[in-house]
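Protein chains: 2
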Amino acid sequence: MIKLGEEAIENIAIGAALLGTGGGGDPHLGKLMALQAVRKYGPVTMLDPLEIDDDMLVVPSAMMGAPSVLVEKIPNGNEFKRCFNAISRYLGKTVGATMPIEAGGINSMIPLAVAAQMGLPIIDADGMGRAFPELQMVTYHLDGITASPMVVTDEKGNMEVLETISNKWAEDLARVATITMGGSVIVNIYPMTGKQVKTSAISNILSYSEKIGAIIKKSMQTGCNPIDELLDLTKGYLLFKGKINDVLRETRAGFNFGKAVMQGVEEYKGAAFELEFQNENLIGRKDGAVMASVPDLICCVDLESSIPITTEALKYGRRVAVLGLPCDRKWRTPKGIETVGPRYFRYDIDYVPIEDRMKGVVTK
Amino acid sequence: MIKLGEEAIENIAIGAALLGTGGGGDPHLGKLMALQAVRKYGPVTMLDPLEIDDDMLVVPSAMMGAPSVLVEKIPNGNEFKRCFNAISRYLGKTVGATMPIEAGGINSMIPLAVAAQMGLPIIDADGMGRAFPELQMVTYHLDGITASPMVVTDEKGNMEVLETISNKWAEDLARVATITMGGSVIVNIYPMTGKQVKTSAISNILSYSEKIGAIIKKSMQTGCNPIDELLDLTKGYLLFKGKINDVLRETRAGFNFGKAVMQGVEEYKGAAFELEFQNENLIGRKDGAVMASVPDLICCVDLESSIPITTEALKYGRRVAVLGLPCDRKWRTPKGIETVGPRYFRYDIDYVPIEDRMKGVVTK
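Chains as they are written, first to last, in our numbering: chain Z, 1 to 364; chain A, 1 to 364.
Chain Z with its partners taken away, still in its complex shape (with noise of 0.2 Å):
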């Protein structure tokens, strides 16, 4: 058990932000909410999943809809009261903690307000290890735990609980309530048991969160580069270090779509790199070549400062150095492959390891 107040929640919404791989939402606005919530309810206890019991009712919470949205649209604060009134009176059982579903600027900090506003524990874990656009992406789903019961909530007071007969029905129903609520919303989903966090999610999301954002910002007060130390400790590689040139973007059935083009700097000077994006970074080539792809994680930092930047942020002139860092292993399974690969995002192409990739195995 570890409190964590508002040192460990900066830490944790910079290192998410980089977890998010361009999604998840803006840090700046989950750290607010996050940082709000604890300087009024105190400190949230967070429990690694070995040390809760295995019939605890665990709630994940979240953000669902378009990031860019969300910017301008802002929760309330009384949607998790709500939310979790509304699954408690459904499920007919207390709520003993509540969890993130991704790694993200949002997605990682709205469970800390909740948590601390609710005055619950949040468990030390994840189901993604990194943040991904549709809710059917989680390590939960490969387990075939069901999304539903769901609950979704706006600013504004509507509410819907859903009961789904699969989870892709609860993504669809979701998120066409998502995009006539207005565009973002507030869920709770995946209710699941104890036993279940310890055998499906991704445990310590938040305290690998926390450290890496403990590198970015000891780097911004001795003013050195953290970028060799951040690959030390995620197993990651530099793909590219570039100048943004264009960016096209398109907001379209709930998400934000789009693609960067980048012309190298430094090193890379004379290349080129293309980065694509359905709310998270899902692929990027160097002149032409994939160098990373979904599930891997592909993160973006600012040049200079090495902060994570959301695909929001992307824009004409900002220097970026492109990091590629290996997911879950969860997530290399078949069933993981099918439901987050290249091909699920309509790319003619077969994942491959990033590690592989970079031995040079693949070059295109």
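Treat each hint with caution, since some may be false.
Heads up, the list lumps identical chains together, so a pair's fine if it works in one copy or across two of them.
[Said to hold, decoys possible] Listed below are the simulated BS3-like cross-link pairs for lysine-lysine, each with C-alpha atoms no more than 30 Å apart in a straight line:
id, residue 1, residue 2
1, Lys168, Lys156
2, Lys156, Lys335
3, Lys81, Lys93
4, Lys243, Lys335
5, Lys168, Lys359
6, Lys156, Lys286
7, Lys168, Lys259
8, Lys40, Lys315
9, Lys3, Lys243
10, Lys168, Lys81
11, Lys156, Lys93
Worth flagging that the hints you see were computed from the coordinates, not collected in a lab.
Given the structure of chain Z, go ahead and fit chain A onto it with the hints provided.
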């Protein structure tokens, strides 16, 4: 208290199809569902609103969506129990009775099937006194009763409990769920107390439907034309007799939109009639002059058999009589006209009661 058996249900099906003004779903399918339920579970107890306790929980049941879809996407029968269990669990109260929200082929019959299957009484009342395409178009809405908590379920087993800040939000969220679930669903909506039924519902719609149906059925046996008797009972008017020349249809946003064009026969020879609909008939024009508009009832019946014709069954060559019936007085209040008058449906005309139009007060 009256027991409704097979004969009563046959008559209600015919009469409600007339009051359904072209919408409310296929009368044949609805009748089969209700008859099957009554044969299996026995006659249904029908209660007059005055007979029920003020604190009884009454939960109307209905089909929502495009009637043309329902014809090929038949409920599997489990929807009713699932819906009622969900609303009962959500409200923490036992359901005392069900009720139709509208008169129409499907939506008068579904509550009868529900009542038989669930062993519940049905209240002899509805919220429209006819059929309308959107779910805030009920007298309950005029009286401030909320549509939610509302349950939406499909034949596959997906379900949503909606709790919304307004009835328009319930309509919008349930509508996108309906479309996503395939175009037609079963709903529980406007749960209310016995006292609210007494003050807000339109009483005796089922017994009124039964009387209309009995007139039409008798005429089928005797061969006598029932139109005059129908107009006497309903205080209605014969608007036109014609042969359908053209039908335009479009299924859009979960509704059946369209227009039928007729050329006059018998005493209407030489004249033309245009009928526009959105699930239900909305406006009728003879030689360009408005003869009747929502919320008054515009009903097509087969010219030979006087069987009511739904908008799906309008087709080239069919010979029809068009009747105009005055709506319930609740629709003639300012809020009633705002909710279901011609301007709500984007027609640039004022509502004029059909009696006034027939007096020649307004000819265009």
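- Item | Within, between, both or neither, where Lys156 and Lys93 count as close if Cα-Cα is 30 Å or less | So Lys156 and Lys93 pass the 30 Å test inside a copy (26 Å) and across (27 Å) alike.
- At 30 Å max between alpha carbons, let me know whether Lys168 reaches Lys359 within a copy, between copies, both or neither. neither (36 Å within a copy, 58 Å between copies)
- Identical-chain pair category, Lys168 with Lys81, by Cα at 30 Å: Both ways: Lys168 and Lys81 sit 26 Å apart in one copy and 24 Å across, limit 30 Å.
- Item | Alpha-carbon proximity between Lys156 and Lys286, which holds within one copy, between copies, both or neither at 30 Å | Neither way: Lys156 and Lys286 sit 45 Å apart in one copy and 46 Å across, limit 30 Å.
- Intra- versus inter-copy proximity for Lys243 and Lys3 (alpha-carbon distance at most 30 Å): neither (40 Å within a copy, 79 Å between copies)
- Within a copy, between copies, both or neither: where do Lys168 and Lys259 come within 30 Å Cα-Cα? Within. Shortest intra-copy distance 26 Å satisfies the 30 Å Cα cut-off; inter-copy 38 Å does not.
- Message: With identical chains, the pair Lys40 and Lys315 could be close in the same copy or across copies; at 30 Å between alpha carbons, which is it: within, between, both, or neither?
- Response: Neither way: Lys40 and Lys315 sit 35 Å apart in one copy and 67 Å across, limit 30 Å.
- Message: Regarding Lys168 and Lys156, is the shortest C-alpha distance of 30 Å or less found within a copy, between copies, in both, or in neither?
- Response: both (26 Å within a copy, 13 Å between copies)
- Task: Since the copies are identical, ignore which copy is meant and state whether Lys156 and Lys335 lie within 30 Å (CA to CA) inside a copy, between copies, both or neither.
- Result: between (38 Å within a copy, 24 Å between copies)
- Intra- versus inter-copy proximity for Lys335 and Lys243 (alpha-carbon distance at most 30 Å): neither (36 Å within a copy, 60 Å between copies)
- Check Lys81 against Lys93 for me: Cα-Cα at most 30 Å, and say if that holds within a copy, between copies, both or neither. Both, since 15 Å and 23 Å are each at most 30 Å.
Taken one by one, the earlier hints fail for this structure at numbers 4, 5, 6, 8 and 9, listed in ascending order.
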